[in-house]
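2 protein chains.
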Amino acid sequence: MTPPAPDGLDGTVLVVGTGLIGTSVALALRRAGVDVLLSDVDDVTLRVAQEAGAGRPLQPADRPAVVIVAVPPRHASQVLAAASRDFPEATLTDVTSVKQGVLAEAVSLGADPTRLVGGHPMAGREVSGAAGARADLLDDRLWVVTPLPSSGIEHVRAVHRLATACGAYPVEMGAADHDTAVALVSHMPQILSSVLAAQLIDADPDHVRIAGQGLRDMTRIAASNVPMWSDILSANPGPVADVLDGVVGELQRTALALREMAGTVGRGDGPSVVTEVLTAGVAGQQRIPGKHGAAPSAYREISVIVADKPGELARLFAAIGDAEVNLEDIRIEHVFGRPSGLVALFVRPEAGERLIDALATHGFDVRA
Amino acid sequence: MTPPAPDGLDGTVLVVGTGLIGTSVALALRRAGVDVLLSDVDDVTLRVAQEAGAGRPLQPADRPAVVIVAVPPRHASQVLAAASRDFPEATLTDVTSVKQGVLAEAVSLGADPTRLVGGHPMAGREVSGAAGARADLLDDRLWVVTPLPSSGIEHVRAVHRLATACGAYPVEMGAADHDTAVALVSHMPQILSSVLAAQLIDADPDHVRIAGQGLRDMTRIAASNVPMWSDILSANPGPVADVLDGVVGELQRTALALREMAGTVGRGDGPSVVTEVLTAGVAGQQRIPGKHGAAPSAYREISVIVADKPGELARLFAAIGDAEVNLEDIRIEHVFGRPSGLVALFVRPEAGERLIDALATHGFDVRA
Chain C
0 MTPPAPDGLD
10 GTVLVVGTGL
20 IGTSVALALR
30 RAGVDVLLSD
40 VDDVTLRVAQ
50 EAGAGRPLQP
60 ADRPAVVIVA
70 VPPRHASQVL
80 AAASRDFPEA
90 TLTDVTSVKQ
100 GVLAEAVSLG
110 ADPTRLVGGH
120 PMAGREVSGA
130 AGARADLLDD
140 RLWVVTPLPS
150 SGIEHVRAVH
160 RLATACGAYP
170 VEMGAADHDT
180 AVALVSHMPQ
190 ILSSVLAAQL
200 IDADPDHVRI
210 AGQGLRDMTR
220 IAASNVPMWS
230 DILSANPGPV
240 ADVLDGVVGE
250 LQRTALALRE
260 MAGTVGRGDG
270 PSVVTEVLTA
280 GVAGQQRIPG
290 KHGAAPSAYR
300 EISVIVADKP
310 GELARLFAAI
320 GDAEVNLEDI
330 RIEHVFGRPS
340 GLVALFVRPE
350 AGERLIDALA
360 THGFDVRA
Chain Y
0 MTPPAPDGLD
10 GTVLVVGTGL
20 IGTSVALALR
30 RAGVDVLLSD
40 VDDVTLRVAQ
50 EAGAGRPLQP
60 ADRPAVVIVA
70 VPPRHASQVL
80 AAASRDFPEA
90 TLTDVTSVKQ
100 GVLAEAVSLG
110 ADPTRLVGGH
120 PMAGREVSGA
130 AGARADLLDD
140 RLWVVTPLPS
150 SGIEHVRAVH
160 RLATACGAYP
170 VEMGAADHDT
180 AVALVSHMPQ
190 ILSSVLAAQL
200 IDADPDHVRI
210 AGQGLRDMTR
220 IAASNVPMWS
230 DILSANPGPV
240 ADVLDGVVGE
250 LQRTALALRE
260 MAGTVGRGDG
270 PSVVTEVLTA
280 GVAGQQRIPG
290 KHGAAPSAYR
300 EISVIVADKP
310 GELARLFAAI
320 GDAEVNLEDI
330 RIEHVFGRPS
340 GLVALFVRPE
350 AGERLIDALA
360 THGFDVRA
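Note that the protein sequences, when read in sequence, are chains C and Y.
Numbering that gives the first Met the number 0 numbers the first residue of the first sequence as 0 and each following residue consecutively.
Numbering that gives the first Met the number 0 numbers the first residue of the second sequence as 0 and each following residue consecutively.
You may find that some hints are simply not true.
To be verified - Derived, one-sided and incomplete: chain Y residues facing chain C with beta-carbon distance under 10 Å: (1) Thr11; (2) Leu136; (3) Ile304.
Said to hold, decoys possible - Not close to chain C: a few residues of chain Y, all C-beta gaps over 12 Å, as computed: (4) Arg46; (5) Arg84; (6) Gly151; (7) Asp176.
As the list claims (entries may be wrong) - Cβ pair distances, simulated, as ranges: (8) C:Gly245 with Y:Pro71: 42 to 48 Å; (9) C:Asp364 with Y:Arg73: 32 to 38 Å; (10) C:Ala175 with Y:Val47: 33 to 39 Å; (11) C:Pro226 with Y:Arg252: 17 to 23 Å; (12) C:Ser271 with Y:Thr278: 35 to 41 Å.
I should point out that these hints are in silico values taken from the structure, not numbers from a laboratory.
Virtual Cβ for every residue (Gly too), placed ideally from N, Cα, C.
Chain C extracted, bound-state conformation (with noise of 0.2 Å):
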């Protein structure tokens, strides 16, 4: 947990903005010892912020080294600008969750793009919750860079530096490269979690009911933060529409093919086309990596029954633990209406034996 020395964040950082993941960074900046300037247009704000010792409150005189904006998206671009022009030797860089746009803005209002690096720490889905600021929310985090061409290196390697003291890893790519990205991997099932779970509204209770494990998975993000996501969703629009026409398509294609199937319309490709479009799924998922960078299938699922009541879950993990196994996921399967559950286990192949027989040896139902 303990973070990487700064490694030569030379001079006092600006933070303007001081809400959840302002804070956080400037908590971050402290905890590796970087002075930290902080500015926000609300006073209390500012207030509560210096007083979890996040930093000082910027004074006229200072002239930092890096200034990090951290306002909502919508004011980014002309608060980088105004940066730009205050502090005309800093490195200047945000930390919006969608880069082309508030780049291009940022600079045609006004802001020096020779100075000027976007980012985006990408601190995950508890950032949406009440949880206040931390230092430790970005640690173990990406955190990706995004350079214009007109960067200067100094800059680009001053925003490595400053994820690096926040804990965090720097991955670097374009602006554009970034939202096409986020577009696939973010905001896209975001829509699909979204209209999936809408589908439920007008269901009847029964057929809710006897949903399995698969639907929750596929819905648990739908439980989001609508404000949040309906402006992430507004600054990457063009990305976002590319990638769901694609998957419009295939779905399309799919029901097609099962109309055809039917027998609705003329018989056809029917079952070959669903049996392709299972197996490019089986093909894509297995693109994902793992915990530690390893395909996901390269884990062992081992699966045990618990019984629902205080401390059986820690009689398991102390099994775990004492068979010296590390487990890189948990999943716990839910069965309607009883107190019972199924958890999966999953750990590295050469440990599967091991663990199996600590399971069996402290008396676990074990289905390996």
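Once you have looked at the hints, place chain Y on chain C.
Chain Y in isolation, oriented as in the chain C frame:
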């Protein structure tokens, strides 16, 4: 885990087809003290089931009270019709996962519609794995019972008792109703997951690399058994195509809204459509029952940072056990390339503070 008594499941039960489900049902019935007969076209499979203690081979003089047909879906109708002729008094049921087609075809092939009652034991995802038959495979699972309008009440009751004897929970609905339900809660999620995952096939590895938990959850079931799912979808094409049409329509509306927002078509109600789609997703997701039938939003989420080394999860769950708090759900969030994890614990709201205190006492890094 102890199943209820068979409650009057009198006489012998014949299981036709000793694959995973058939043998598991047979073992569960044996566990409940029922006299079980076995038959399979494959002598080797039959002998394996017999040696596992699943029952004794059917003899010409046997007169089972109930016949459960657990053969591959494409043979089920024929086998039901044959069983109807061979055993003119027996209750006839099956275990296929789509009901209307198989039952209608069985009747058209001569199965007695007064003695035929469909069934769908919902064994969950582990069924597609390589795991062998287990007496407890259906413990605590739902078993959908689908009578025909012509089914005699004593035969419907016999299938309910059969499900109960196997440790499962019978839920009764019409065959058409069942097929509509599974199209929505099971078959549609499978198609969406497969099509989403397929979009990753040609994606830049750097793009896939920044995927978070949302994409992982949404593509988990894409790693499916292709022949099994081809058969399932092929057996329910109409209802699945109907749900798919609704989803495609909503996705097209969303894509159009995004295109409007991207400025490539005339400005319109883009942002409000996107907000509407997200809002409907939140409402739909709330309709899914929680583990004990409670709404998912009824749980409090408490996140903990756990070091990725043997024993840490054991320490966490020991602390939870000490607090006498029962977990409703657990999720482990993955972070690319780093050995540490955020564990999300879900508990009933009244247990939240107690758990937070207990975890803090044990030195855990809690993000309530």
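- Query: What are the numbers of the hints the structure violates, in ascending order?
  - Reply: 1, 7, 8, 10
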